[in-house]
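**Q** This is what each chain is made of:
Protein chains: 2
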Amino acid sequence: MANPVLPSSGVLSPLGLDAVRLAPGFWGDRIALNRDVTIAHCQEWEEREGWIGNFRGRLPRKGREFSDSEIYKLLEAMAWADHPALPELAETVARAQEGDGYLNTRWTGNRYTDFEWGHELYCYGHLIQAGVARLRMHGEDRLTEVAKRAADHICRRFMDTSETCGHPVVEMALVELYRATGTARYLEMARRFVERRGLPALGEIPFGRAYFQDDLPVRRAQSLRGHAVRALYLASGVVDVAVETGDEELLKAVEAQWERAVARRTHLTGGMGSRHTDESFGEDYELPPDRAYSETCAGIASIMLAHRLLLATGDARYADVAERTLYNVLATAVALDGRSFFYANPLRVRVPAVPLNGVNHAAEGGLRSPWFDVSCCPNNIARTLASLPAYMATSDAGGVQIHHFTPGEISHGPLALRVETGYPWTGGVRVRVLSGGSGRISLRVPAWAKGATLAYGPAGDTESAAGGSDISHMSGSREVEPGYAVVAGDWQPGDEIHLDLPMAPRWTFPDRRVDALRGSVAVERGPLVYCAESVADEPPLADVAARISSPPIDHEPGPQADHLVDHPADHQVGSPAGASAAVPVPRAAGSEAGAPDPVAGAPAADPTADPATGPAAGPAVDPVVEIEVAVLLGTPATDNWPYRPVPDAPEGVDTVLRLVPYHRWGNRGPATMRVWLPVAD
Amino acid sequence: MANPVLPSSGVLSPLGLDAVRLAPGFWGDRIALNRDVTIAHCQEWEEREGWIGNFRGRLPRKGREFSDSEIYKLLEAMAWADHPALPELAETVARAQEGDGYLNTRWTGNRYTDFEWGHELYCYGHLIQAGVARLRMHGEDRLTEVAKRAADHICRRFMDTSETCGHPVVEMALVELYRATGTARYLEMARRFVERRGLPALGEIPFGRAYFQDDLPVRRAQSLRGHAVRALYLASGVVDVAVETGDEELLKAVEAQWERAVARRTHLTGGMGSRHTDESFGEDYELPPDRAYSETCAGIASIMLAHRLLLATGDARYADVAERTLYNVLATAVALDGRSFFYANPLRVRVPAVPLNGVNHAAEGGLRSPWFDVSCCPNNIARTLASLPAYMATSDAGGVQIHHFTPGEISHGPLALRVETGYPWTGGVRVRVLSGGSGRISLRVPAWAKGATLAYGPAGDTESAAGGSDISHMSGSREVEPGYAVVAGDWQPGDEIHLDLPMAPRWTFPDRRVDALRGSVAVERGPLVYCAESVADEPPLADVAARISSPPIDHEPGPQADHLVDHPADHQVGSPAGASAAVPVPRAAGSEAGAPDPVAGAPAADPTADPATGPAAGPAVDPVVEIEVAVLLGTPATDNWPYRPVPDAPEGVDTVLRLVPYHRWGNRGPATMRVWLPVAD
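Here the protein sequences line up with chains A and B, keeping their order.
The first sequence lines up with residues 1 to 681 when you count with the numbering used here.
The second sequence lines up with residues 1 to 681 when you count with the numbering used here.
By construction, these hints were calculated from the structure, which means they are not laboratory data.
Each residue gets a CB set at the ideal place from its N, CA and C atoms; glycine is no exception.
Among these hints, one or two may not hold up.
[Said to hold, decoys possible] Calculated Cβ distances over 12 Å to all of chain A for the following chain B residues:
no., residue
1, 13
2, 263
3, 267
4, 357
5, 370
6, 536
7, 543
8, 550
9, 553
[Said to hold, decoys possible] Distance ranges between label pairs, derived from CB positions:
no., chain 1, residue 1, chain 2, residue 2, range
10, A, 506, B, 483, 47 to 53 Å
11, A, 216, B, 64, 26 to 32 Å
12, A, 636, B, 161, 58 to 64 Å
13, A, 48, B, 161, 30 to 36 Å
14, A, 645, B, 635, 29 to 35 Å
[Claimed, not checked] Just so you have them, the derived chain A footprint on chain B, three or more residues with Cβ under 8 Å:
no., region
15, 280 to 288
16, 331 to 340
17, 507 to 516
18, 633 to 647
For reference, chain A alone in the conformation it holds in the complex:
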């Protein structure tokens, strides 16, 4: 039961790291890279910056008031990854804990004097989440002991007060510790933190109380609002409390807030947050592509919330949003080499960022940085990727549900399944029964996948033909609607289910109330949002307009489509080379067979490349699934005033623009980028 979220009730039960093991593939590669590169990268920077030294009592103290939490997020990542560096780091933390359980390197000696900005309970929240991870992956040890002592301290100190923390997270942490230990006071403490918020519980701040969701009791709020990470962490904790206390009203309140935020305050990428100033959601339909904040941590928090709502309700819409955010925020936020990160994830970058090898003092999104003054995002990525298998599949009394498609194996009771897919590059998903059992197997059909088909039955003669599925021997081939495609059966080893998702690229248009996107169009393919990226001397993007009368043109993805490395010129993968070992990618049924379509500028495979130092074993070319769109490329024009008495008709030359998956952008150096293209015709 190795799960970051393990509700005691709900429609679905998550399958944990012990039940879901990912193979090389889109997520499997990233998880391996995270374990082998990113976790060490984070630890190295936390030492360098002195944030770990703070626990050793080094003076002067370094870092922001919440820097302790970065070490805790990293400890959580280490716990899920079963990383060997954990015990020593946990011991360093443990030594700084005071006799009564208090632990904070910034506020020791001056406890609880600033609830608005002090982040003390926030830090505990992350410490407790690390403790839960350790408890579930390993069992009791120094870290779990520290976490429980901290939780006990919180309960003693705050059970009967009206206080809370300016930054939520302790709520979901306490519920999870209750779930992991059965200690009821942790749940009660979390419940009280939830209920006292918005009475109000905090002081007035310049941003206003909505910033930390203290403007209204959570039951009365209509939408997610204020600081996006705070809002989403709080909502996650509220779902946890609602589920454990059986509080349907509370659950419905969060569902309604989520629904409205998704309908009006969410970027196409799934990213949330429209304002840089206070890292907040902004208002309904305020969704600027250029100033989209879409903080990486908000994306992660959104995945956490959607996952909780999925478990509580079984509704596929939550998994749809989680998937969108996984592929277009989480996968975007970390570089292909696992060593640099986006803090903000805008959908438009007009001016290439200046490369930065050191600490980024800002939180802009033009180029990934190795570290930030506020480095929540790298550590949050690390802990999320380390626990990601636990988000993929669930079970209920009737069987197993597969929500996200990536190569790996899933076991539940006697049933063992292997998932083989090139998703998100190809739409074919093969679920093969390794060990039999009876029950329903459900596969999520994403909302965009109109016309998906499902076939199942005993495997045909396709076993060795990984590149193409022959379903002629199968029974039950049928079209399936978005939601869940459910197949009930008494499964025997060798049985297969084939889901084919339509992967043609598609135009996507904004709601007319989104002022910032009016007259624009984006391209999506499967779960991926695409973008135009312009590096160095490539054509500028300031004045292109899409000719939507021509459909976007897809290229057949090559066998390296799911490799982490784009181009030889990319940041090199430090280790492990094996993380990028090729796995055969099935082609979607009906797609043309053929060689990878070479991409101009991406040289052919170099068979002499050294796997130890080169980008990866195997050919390092054509990994990107490009899409081409016909565009009008504007001719440079100048005028002395940008407002005119007549509409500004597009002018320029017709050409073709290549789009790359949004999550790939910014890996070739400073670039301009845009997801939304003006419509020319």
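Model the placement of chain B on the given structure of chain A, informed by the hints.
**A** Frame of chain A; chain B shown alone:
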């Protein structure tokens, strides 16, 4: 020579407060209200907040690190207004000055330890500007003595260092003090401050050095950039230095930067600044209406810069931008009662602001506030309005130029002119010669005024017909092009010049590179930008779209069009009632005569209204020149995701939307507002 800017050379010489006296009218009313209400309002708040007390040595010190500058801006306002409160306040300031001229209530005892954020030279700059104002309006006194001692201190301390201030303004202040006193070292100090900037002279900050224009030497910069007020103050000082040192290259550099910023980084209102985060310009074509920062002080600074460039070059484009900013930023930023202010001036407000009677801790632009934690804007408005007559007209060897049209009298040598106009409500401008002289009289024809006509000659029988000009007796009637309409003559008393500017409302469309405005249209009329405002239960603006196939419909402005008070429900004018005394408004030639067009919701004049407590003497209705546009009013729609596979076609009911001048918005209580309307057809 009572001028805030008095260059020793340049194409045009400004006429000062001693040469330009405004009568009741758009600006005359506002200047009177400023003198009688706003200046006292600011002083009252500065006492209440303890910022004046800081000069008395009260502890703990109150306010932000730059609060001294607010008292100086207020002193400058008092100086231009010849306000009786000046001597006592100046004495309070003088007593805080140290023996060597140092004066700062925040940093005394800890001088010059933070050039990036300390604002010490910035504060001196405003002190010196106040001193110059006093010197020119009154002559030597305590305030001028303090200012000169501070300037001498600066020269001793900084002449041979490489330091400068994170916030420019001292540059233009020192040049002006040089102009007022002839002391050359002030100019040399200013020149050095300009030249050392960008070498760099300041430390790195999280916003980056472009924030305070220290990223590049001023001669090398391509555009105005970074913090808008800082950039515009610096550029103003650079023009001053360039003009006084005859440095053509430096002047050209600022002209080019201004040109690019106006072409790509300026809102339709003339407002500058697109980002809240660092109050900065943002990038080319990044001009979001909703998150337009368009700080009031940046608008004022832009007027200051444009005025300097106009004096240096005589180019009408500078006066065009100044006019746009005067009517749509400066006039907007202060409430009709002179007691509350906008800090930011966005072009779209989606959610009505919460009324606030106390200090506004934020700088949002949804509702005017009586005071702010950072209260630069109210004091800046006060000093700008107090000196505004000095921006209206200039002279050169050949005659007089009138750049801005508002009722008043202008004298230059033997020539005395009276300007009569209802501008900006009506397009007729009558310049009447009161006292003769020979020379050219030039009237600016704004860039938008295609088809303007000019007539001149001896007055006909129209003297008493203020409502309509009969030009049949005049000679020389002709169409005039945008720029300056020049009439040379040997002027006799009674001679007149009639300029008729076309005032039909017009659609205005954005450059196609402005992503945030794509597919939208605005309405302008004369120099005024219009907006839709929705108060209380009026129709929402979230989903309206303009039918541009129908032209906007103008209403004949009523006689109260230039009154400061909109509606009986408005904030009441505290004093003086006389500030709003009606002045007859000439109708533009060719416009239909007729009674004011009653506006629904604005009751007819109440003859029993008490002028002392009512909004104003005279009828209080129909003061707003409304414009009607045909719109499609969207039907409320909900969907669970704001992105779709097909373009979102406008749907709804056809109706008529009333637009009001942008500068009037927000005077009827919390409201939503939009300048840019989506195009329906």
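**Q** May I ask which of the numbered hints given earlier this structure violates, with the numbers listed in increasing order?
**A** Numbers 2, 3, 7, 12, 16, in rising order.
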